[in-house]
Amino acid sequence: MEFEIFGIGILTWIVFLPIVGMLLILLIPGENKDAIRWTAAVVTSLQVLLAGMIVALFDKSALGINDTASFQFVEQYRWIVVEAVPRVGKIEILYFLGIDGLSVLMIVLTALIALIGVISSWSIEKMVKGYFALYLMLVTGMMGVFVALDFFLFFIFWEVMLLPMYFLIGIWGGARREYAAIKFFIYTFVGGVLMLLVMLGLYFSVAYTDAAGERIHTFNLLHMMNPANYVEGSILAGLDTTWRYAAWMALFISFAIKVPLFPFHTWLPDAHVEAPTPISVILAGVLLKLGTYGMLRILYPILPDGTVYFMYLMAVLGMISIIYGALCAMAQDDFKKLIAYSSISHMGIVMLGMASLTNQGTVGAVLQMFNHGTITAMLFLIVGVLYDRTHKRGLYDFGGIANQMPRYTGVAMVAMFAALGLPGLSGFVSELFSFLGAFAAFRWITIISVTGIIFTAGYILWTIQRVFLGELSEENKGLADLTPRELLMFVPLAIIVIALGVYPGPAIALMNTSLSHLVELMSVFTR
Amino acid sequence: MDTILLLSLVTLFLPLAGFILLVFFGKRMPRQGDWLGTSLVTAGFLISLYILVAVLGATDAPRSASWTWARFGGLPGLGEVTIQLGIMLDNLSAIMLVVVMLISMLVHFFSIGYLEGDVRYTRYFAYLGFFTFSMIGIVLTHNLLMMYMFWELVGLSSYLLIGHWYEKKSASNAAMKAFIVNRVGDAGMFIGIMIIFIHFSTFSFDAIFGAVASGDLPFESRGWLTAAGILIFCGAVGKSAQFPLHVWLPDAMEGPTPVSALIHAATMVAAGVFLVARMFPLFTADALLVIAYVGAFTALLAATIAITQYDIKKVLAWSTISQLGYMIMALGVGAWAAGFMHLVTHAAFKAGLFLGSGAVIYAMHAALHQQHDHHTDAQDIRNMGGLRSRMPLTYGTFLVFTLAISGIPLTSGFLSKDEILAGTLAFSTLNGHYLLPLIAFIVAGMTAFYMFRLLILTFHGEPADGKRLSLIREVPAVMAGPLLVLAALSVFVFYSFNPLGASSGWLYQALERPASVVPEAIAPAAWPIFYRAVSDVHTLVMILSIVIAVSGIAFAWVVYERKTLSADRMAVFMGRLYDGSRNKWYFDELYQAVFVNGTLLMTRLMNRFDNRVIDGIVNGSAGLIRGVSRVSGWIDHTFIDGLVNAMANVTGAIGMRMRRIQTGNIQNYLVFAVFGFLVLLFLLLLV
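Note that the protein sequences, when read in sequence, are chains A and B.
Under my numbering, the first residue of the first sequence carries the number 119, and numbering increases by one thereafter.
Under my numbering, the first residue of the second sequence carries the number 978, and numbering increases by one thereafter.
Do not take every clue at face value.
Listed below are several chain B residues computed to face chain A (Cβ distance under 10 Å; list not exhaustive) [as the list claims (entries may be wrong)]: (1) Ala1047; (2) Ala1148; (3) Asp1587.
With a cut-off of at most 20 Å between alpha-carbon atoms, the simulated EDC-like pairs for lysine to aspartate or glutamate come out as follows [stated by the list, open to error]: (4) Lys1145(B) <-> Asp515(A); (5) Lys1146(B) <-> Glu589(A); (6) Lys595(A) <-> Asp515(A); (7) Lys1146(B) <-> Asp451(A); (8) Lys1146(B) <-> Glu592(A); (9) Lys1146(B) <-> Asp515(A); (10) Lys595(A) <-> Glu1057(B); (11) Lys1004(B) <-> Asp1095(B); (12) Lys1145(B) <-> Glu592(A); (13) Lys1145(B) <-> Glu332(A); (14) Lys178(A) <-> Glu1057(B); (15) Lys208(A) <-> Glu332(A); (16) Lys1146(B) <-> Asp1095(B); (17) Lys1004(B) <-> Asp599(A).
Here are the simulated distance ranges between beta carbons [stated by the list, open to error]: (18) Ile613(A) <-> Lys1146(B): 31 to 37 Å; (19) Thr1628(B) <-> Trp197(A): 44 to 50 Å; (20) Leu606(A) <-> Trp1483(B): 54 to 60 Å; (21) Lys208(A) <-> Thr1628(B): 46 to 52 Å; (22) Leu141(A) <-> Leu986(B): 35 to 41 Å; (23) Asn1560(B) <-> Glu589(A): 26 to 32 Å; (24) Ile274(A) <-> Trp1611(B): 51 to 57 Å; (25) Ile1523(B) <-> Glu589(A): 49 to 55 Å; (26) Leu605(A) <-> Thr1059(B): 34 to 40 Å; (27) Pro381(A) <-> Ser1606(B): 23 to 29 Å; (28) Thr1059(B) <-> Ile371(A): 37 to 43 Å; (29) Lys178(A) <-> Ser1606(B): 51 to 57 Å; (30) Asp358(A) <-> Trp1611(B): 43 to 49 Å; (31) Thr1059(B) <-> Ile274(A): 38 to 44 Å.
Simulated from the structure, these hints should not be mistaken for laboratory data.
Note that CB positions come from ideal geometry on N, CA and C, so glycine has one too.
One chain only, chain B, in its complex shape (with noise of 0.2 Å):
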């Protein structure tokens, strides 16, 4: 086999091995084998870089690897199916192996800070370890059976994970939660593939790909393959948190922020928006029609809800979830690159902000153990207040992140959303759908302003109690470390050397559109044509972009810097908006009463129904038959015995009689044997 693909084999194999020698041995090790996961992924992590190297150099088709899983048929009369796994590297997967090791490596290094001391230290890095294998797994599979494989291991990772802290009713809950939800999506999604798979008799990309552009379509109709592309989009709706399956994500914050920004934030999450972008080619124009729908409205709603939330985390984590409805609906527009690219920039922006927070939430932490109170939110925005002068550096990377994720020019958030926005717009002058730049410029303008908002509430003003403030101490250097290398790798020139235009970058150049492989007459349009409606498009939106973004800053200074506007009489003055994006527009509660409380209500009938009406026939017909034997048996009892006991009294009756002659005088049997004699001879005479 190939070297580059042996050794994306092994960057798959290195974390599993740490799993599995951390699972057994880990309470065994110094330090509880915390260095042994980190170095293991920091050795993945400068093995995926030479692969991107090698692979971005090469000019051939992507390489590939399978092996058989299962055989089925094979006898004379009978087709052969062979099950083959296997891993294929081509760009798309080859930069998604650098950002997945990439941001794995800085957590486990922020990691060992922030867990320090931790009851299941070792088991934590242990899962890490798990995690990251299950997420390279989904980006070097080069067939469906095999995503939906690691799908679900990442689910089982984000699972345990979530639920570190499992004594917390509130964790377990939200594990949970995330793991049900998630296998909504699956479910869908497993019905698409059985749709692909029945049809195609073949997991793999390719091979489906090639069949339907040979104009083979799942039962030879169209309206097939839009469902089963809209089928296994449902997997990235699971997974990347989008409407209506979005409510898990938030919960999940109940994790450790180190897991938040690795799992939550910049890798699992954005593994839909890989699968989307995988799976591109099969998508009708009606599916990729929904998918950009979807997206839309899911970042429009995260951004109405992150905007009044306190909580720290649960800030980023509905900004994630608008930023992948961003992807996704960059996607379904046909903004391939861009959506991809998106994901790249997103994912070092966003985990510097969730390991941001995590340093903040470290510092709080440490501050009110030392003040002994124990009720103060650590999480609350509006405990904290001030602390850019006790955290500098924090604070500094922070505000690169920020800039970045509200789309500043020379920060690579900028490039990314600004291709975004075009290609956005560029679709709705080609269909019409002037919807969907709308929200895209409106959630651009509001995201903008939420992270100033939560970046200013944190870091300036006044604090909230000074003593505290006094006792916040920045970070320790290992937590430090990664949050500089993120910092830097949000500035454009990693991506582009121009920082106005992505276009012209390595990144955009190494990602080039997939040809859809669907009848032409019901594709998105072709990558030219849309080339070159973006291209028409481009300085209008870079313009529109730059102005809605610092207003969006602006107005955030106003409300919550200078205070010129009150937020409060803002929130007042909005009424039952304000209270229904502080309540997340009430989904929990309304998943409660219909989804969960239905299907308990329903768990409820059918036991009963179980118990009274399956088994009632089954002891009823049991206790008629004990009827009908006691009727029966009375009739054996009375007539059948009855004739049997009245012969058998008859006898006895007669025998009574009979028993006088039995009277032990030797003189009668004497007489009765002589009289016998005599009429017995008489007999015989007579004869």
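Chain A extracted, bound-state conformation (with noise of 0.2 Å):
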């Protein structure tokens, strides 16, 4: 499947039009802020209509993972080049995007919480020109990772978000923004490193034949999937070596960073705390599943020993994560700290339903990661415009608001609702299916982690009573309601978590094939 528009693919579109946008912004002076704004929700409209074409003209039957024939809106260009390097031969650097049903939803989700994102920085004021290019600049990083097959395509894409967000922490952050910018740069960077040391040693280890005989060494992930093409001798070659479960481990960490798994989880309170809220949205909405995709798109098929042999480690540390970030939500007086530490719960259950490598584990999980990006989304915008109005985030702060802003206590309903998994809203599916699955491999691990819903219930239940229920003080009692720019932002998501938990079928269909194709492959390697 292709589609271009005036000669240039789509994914190249969607990747580059906020590239585009931030290049307009930079024309625009400085005082033009409407211009500027308007700029960006322009682009990031388009970026939405782009992913509703995608999945418009998306093959639902197409295998992809690591079956490059049916990989869907394929480019590939040779990049760079070099001709004959002493003892390795010839490279190739590949401009290669595409999509699969892994790919698909995620687009969906990250052009959709940048459009949101935008409309909630609308209230930015703050050297506003400067906010908008870089925030387009992490749409691009964001995009490109979602959609690029070539690893060191991926990698410049997983690093050419880091920079941006950095900036829009340390700047448009709060109190204590640089240390918590510090501590996101440098977190993620020591990802960075061990996935730059994995990509080498596997781009020194797969080298494929072309059709004139010639030996290339190549950063094609599809390749990288192929255990024909790992040189002999080489580094990563052969199963079960230790250098692969070496691979496995530094390429799992630089991912679980980003998840955040415990115990690599603790950048993700203070940098949700101190950032702005549209990037606490983004943050959560879209940064966090690049974790998992990774794991997903590149360690999963690339490293399947290492991932059959890991696959309780996995278990275990998603159990910890949901039982352990729930805990801790509920520990938290903050609003947004809690919510910052119910991600790590919900991430936690998308590990152990991937974990499980089974057909509803993974495409629970999958779905989680969708689900988590809208739900979360909703709750930090909830947050954000209490923030807005009383300049406060403490859960004690307030009280009696379901009287003063009904409007805003349903919506608000609906995605604490969402996030504690009641049925008929999107989250429950998604945990029921990655606990389902997770059950078929991990019989205790599962059960302990089915309890956490507990203790989901009991944070966000106590919370909905010290924010919403109960007496209003006399300072809120001037709070007004959702302005329609604010309903703007919650009304499409809302929609979209009723929707997706009334009748999942859809969603679950875009995915199913190419998740089911990623379990048969891993199949072979479980004993």
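From these two lone chains plus the hints, build me the complex, please.
Structure (structure tokens):
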């Protein structure tokens, strides 16, 4: 499947549209704030439109994952080619984009959250030009990661996100923004270095023979998934070798930091608390998914032996994240920090589901990635609305909001109960399938994890009680309900949360084929 | 699709439509839309009656329909799993449907009077609609997944309605407690469902039963089958407030009284009983024994507490728990029809008792309001007394309900209770579990006693305040109507024309115990054997149960009406036992200390661990690296940069010396130039 607009592939469009927007914004004088905002809004709206087209044209029966022929909207060009490197031979780096069932929902999520984030950024008044320029650069990085099929390209997009994120937290953030920004940067950078090491190891180990019979070393992810392409005697050749396990571990940690998985999670609460609302939304809505996406896209198919070997480790870390994240969330007095910890708990469910290497588990995990993206985005927006009005985030600063702001309370209830895993809302569906899949693989780990839903109910309901119920305090009596702009960012998300909760079939159908294929690939290595 | 099934879908979605319309437009409607919710549910009730008639008349297999919700796998070499949602109509669901719709309709009407002028009047009716929708979902489902989904949704509506007056901390606390305690049971139920699904790859009741019947057990183990049954029962333990998860129901009385009648007496709390009845074929004999003992213990525990309570609603709440325990016990011993029949009769008379108590509270509030008294508790029976003279209709109906729950002949309660007692005794003759019938009879006596205690203290005797009594008014027609309907439905004729035996009645006939599907060695006693044992003891049980109920009533009469025996003296005599009962055997305190505080302590420990240990390592390693970099910076500065600087310094020093040559005097430069020229010339010549 290919689709071009003005001779340029749709994936290139969706990735680089924000960069175009960024360049436009750089040309607009800084005083003209509304023009800058509208530029960003138009660009991200176009992205949503493109994402919609991609879904509409997407072929649900194509395998993807490691099957080159069935990737969709593929664009493949040689980008950097070096002939005759001593001792290695010819090397190439590709500009290689394409999607399958694993990435399609992530593209929708990224485009959607990016647009919502722009709407939420409307209230930012500090250095608007720089803010939106960096914001759009960030969006390009995220989108690029989800469509790149060349490891080098993937890595570049991965690192491109880091810089704008650092500044967006470090400049537009709260009181301890510098600490949080540096912590985020270093954490992620350590992950990046580990990834780079594995990437180089793979690169030297993998070579394919082209039509002319020439051996070419490549960063092409799909070639890395083919055991036949591993050079005899190279560092990552063979199966179940120490080096491969070490490579697995390094790559796993680099992704686990992003998820974030216990014990690599402590950057998250700080980053969230200090980041401005739209950046928290992006961070929780999209960035965290890059970690689990990276595992499914790269770690699983390239190092399946390690994945099977370490599957219990992944499940146990997922279980700990679920329980530990929920307990830590309950201990917080800061609304935003509570949601940050709840993210750790919910991403633990993703980890548990995908660790199971079962069909329902992986589908549940990817669906949970999407659902957590929409639900947590709503939750951070909810905190942001209160913070905008009162400049407070403490859970004990409020109470009785339900009477004062009924519309706000309505959308907040949808998000809160979705996070709690209430049936009929999307969070339940993905938790259900993650747990079901996990239970097929790990009996006791899953049983312990399921008790996490009790703690989740605890902290969510306690939050509702402290913020929304009770008597309204005197100082909160003037609080205004949601403005039309704010409703605009909540309503689409709420509709998605309800729709996917009531009837998840279509979303599952989008990814079922690819993920079934992934499970099938892994099953060869399952003992 | 079958018309009847289609109609049942209509009953499902009518209340949901009401909910959506009321949430978005209710405030702008005339009378805030109460008529909308009420008329939709009334329509639903009429439809459900039609469905019941059609289903009872049908002889063919139960109707069902299903829709694909999600599809997995399907690649060659990988099996396909289809997740289906669907509904089914058999006698069980059709009867339950009518019960739910009827009580819901009556409560809608009653609420129009009871909640008049409430701050969130329209929201209240919206939530009632949402509850009705979710409850019908439980009733109609043909699979475990949908059961679980609607299970949690009724939990949500219960949460919202308990917390209706959420400005009060006690109300929001009670709502939260109800949800979380139920979540504990739900987690167990979820694990049970996982065990079933992972093995059978289906949620559908029929498919699961069929697979088990053919000898396919979860994980090929009888132990896991029993475990799955008990875990699914955990859901019922939560929802039907069975020990040890019974603590939420008394607190749930914080909700408006009509809600207590609908949700926390007649329907939602009975969902646990419905679940056990539905899943009955799957339970092994061991699982059923656990169920029977949990039910019996709950019945006894709650009865011992109900005896000493003074809050009119709390007495009824504990009695509800006790009666639910009765039903659960009945199902556990295999008296399936009796247990479910008690659900039906209890729904009518207990809803009546709650609505009656609502009428009393309503009248008390009005009277206290007129007296400008805002301190006296309108729900405390010690502040009542003698109300029968002012509220004859409420009193009359309340008396009927009380007779019914006490199990006096000619009432509906007698029919079902008698069957339960017979079933329990029959079970013990087969298995030797004599404790179960012993408890059952004791609880029957206690029930008669504490219910008449309530009736006498509320309606008989001297008024606590004569002036207040004179201000008490009978309730308006919209509230009295439902009471009369329920009182009529507490009479035997609606269930069986024989006032002394249920088994010939249509209801009992319609409820045929489903056959067990578990392997015979671990199955409960087969129906014919059990039925024979029941027949053997039936006459004995009938006499015993009447004697016990009457003596319970007589005892209450002696103590509270005649005051021949002093209740206070008896309380002192009982000492610790009395204190324990008054304080609900300290379960709340125990759970608070162990589970709530334990969890809070754990959250604090985890949080501290996160901040001190994990972040300590992170920040520590950052500090370490900064330390190392400071050292390397010093080395860099002192040695490496020192060397560079040293070279620079040497060069500089040489330069300083050499600059002396630059005198700025043209003659000197000429001398140097000539000298240099000569040197060069000399060198050239040499070469």
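Evaluated hints:
At about 5 Å, the closest approach between the beta carbon of Ala1047(B) and any beta carbon in chain A falls short of 10 Å, and the interface hint on this residue holds. Taken as an interface hint, Ala1148(B) checks out: its beta carbon lies about 8 Å from the nearest beta carbon of chain A, inside 10 Å. About 5 Å separates the beta-carbon of Asp1587(B) from the nearest beta-carbon of chain A, less than 10 Å, and the hint is met. For a cut-off of 20 Å, the pair hint linking Lys1145(B) to Asp515(A) stands: about 18 Å separates their Cα positions.
Note on Lys1146(B) and Glu589(A): the hinted pairing holds, with a Cα-Cα distance of about 9 Å set against a maximum of 20 Å. Between the alpha carbons of Lys595(A) and Asp515(A) the distance comes to roughly 13 Å, so the proposed pair stays at or under 20 Å and holds. As the CA atoms of Lys1146(B) and Asp451(A) are separated by approximately 19 Å, the hinted pair is consistent with the 20 Å bound. With a CA separation close to 17 Å, the supplied pair Lys1146(B) and Glu592(A) stays within the 20 Å bound.
This hinted pair checks out: Lys1146(B) and Asp515(A) have alpha carbons roughly 16 Å apart, not beyond 20 Å. In summary, the hint linking Lys595(A) to Glu1057(B) is not supported, as the alpha carbons are separated by about 56 Å, beyond the 20 Å threshold. For the proposed pair Lys1004(B) and Asp1095(B), the alpha carbon gap of about 13 Å is at most 20 Å, so the pair holds. Among the hinted pairs, Lys1145(B) with Glu592(A) is consistent with the structure: their alpha-carbon atoms are about 17 Å apart, no more than 20 Å.
A distance of roughly 78 Å separates the Cα atoms of Lys1145(B) and Glu332(A); the hinted pair therefore is violated under the 20 Å criterion. The straight-line distance between the Cα atoms of Lys178(A) and Glu1057(B) is roughly 16 Å, inside the 20 Å bound, and the hint therefore holds. A hinted pair counts as satisfied when its Cα atoms are at most 20 Å apart, and Lys208(A) with Glu332(A) qualifies at roughly 8 Å. For the hint pairing Lys1146(B) with Asp1095(B), the CA-to-CA distance comes to about 18 Å; that is within 20 Å, so the pair holds.
Of the pairs offered as hints, the one joining Lys1004(B) and Asp599(A) holds, with about 17 Å between alpha carbons and a cut-off of 20 Å not exceeded. About 34 Å separates the C-beta atoms of Ile613(A) and Lys1146(B), a value consistent with the hinted range of 31 to 37 Å. The hinted window of 44 to 50 Å between Thr1628(B) and Trp197(A) holds, with their beta carbons roughly 47 Å apart. Between Leu606(A) and Trp1483(B) the CB atoms are about 57 Å apart, so this pair conforms to the stated range of 54 to 60 Å.
Range check, Lys208(A) to Thr1628(B): Cβ separation about 48 Å, and the 46 to 52 Å hint holds. Between Leu141(A) and Leu986(B) the C-beta distance comes to about 56 Å, which lies outside the given range of 35 to 41 Å. At about 29 Å, the CB distance of Asn1560(B) to Glu589(A) agrees with the hint of 26 to 32 Å. In this structure the supplied range 51 to 57 Å is violated for Ile274(A) paired with Trp1611(B), their Cβ-Cβ distance being about 37 Å.
Remark: the range hint 49 to 55 Å for Ile1523(B) to Glu589(A) is upheld by a beta-carbon distance near 53 Å. Checked against the hint of 34 to 40 Å, the pair Leu605(A) and Thr1059(B) passes, with Cβ atoms roughly 38 Å apart. Separation of Pro381(A) from Ser1606(B) is about 25 Å and conforms to the stated range, judged on CB atoms against 23 to 29 Å. Against the hinted window of 37 to 43 Å, the Cβ-Cβ separation of Thr1059(B) and Ile371(A) comes to about 38 Å, which satisfies the hint.
Checking the proposed 51 to 57 Å range against Lys178(A) and Ser1606(B) shows it holds: the Cβ atoms sit about 53 Å from each other. Evaluation of the 43 to 49 Å hint for Asp358(A) and Trp1611(B) yields a pass: the beta carbon distance comes to about 47 Å. Distance hint for Thr1059(B) and Ile274(A): a CB-CB separation of about 42 Å, consistent with the stated range 38 to 44 Å.
Violated hints, listed in ascending order, are 10, 13, 22, 24; each of the other numbered hints is respected by the structure.
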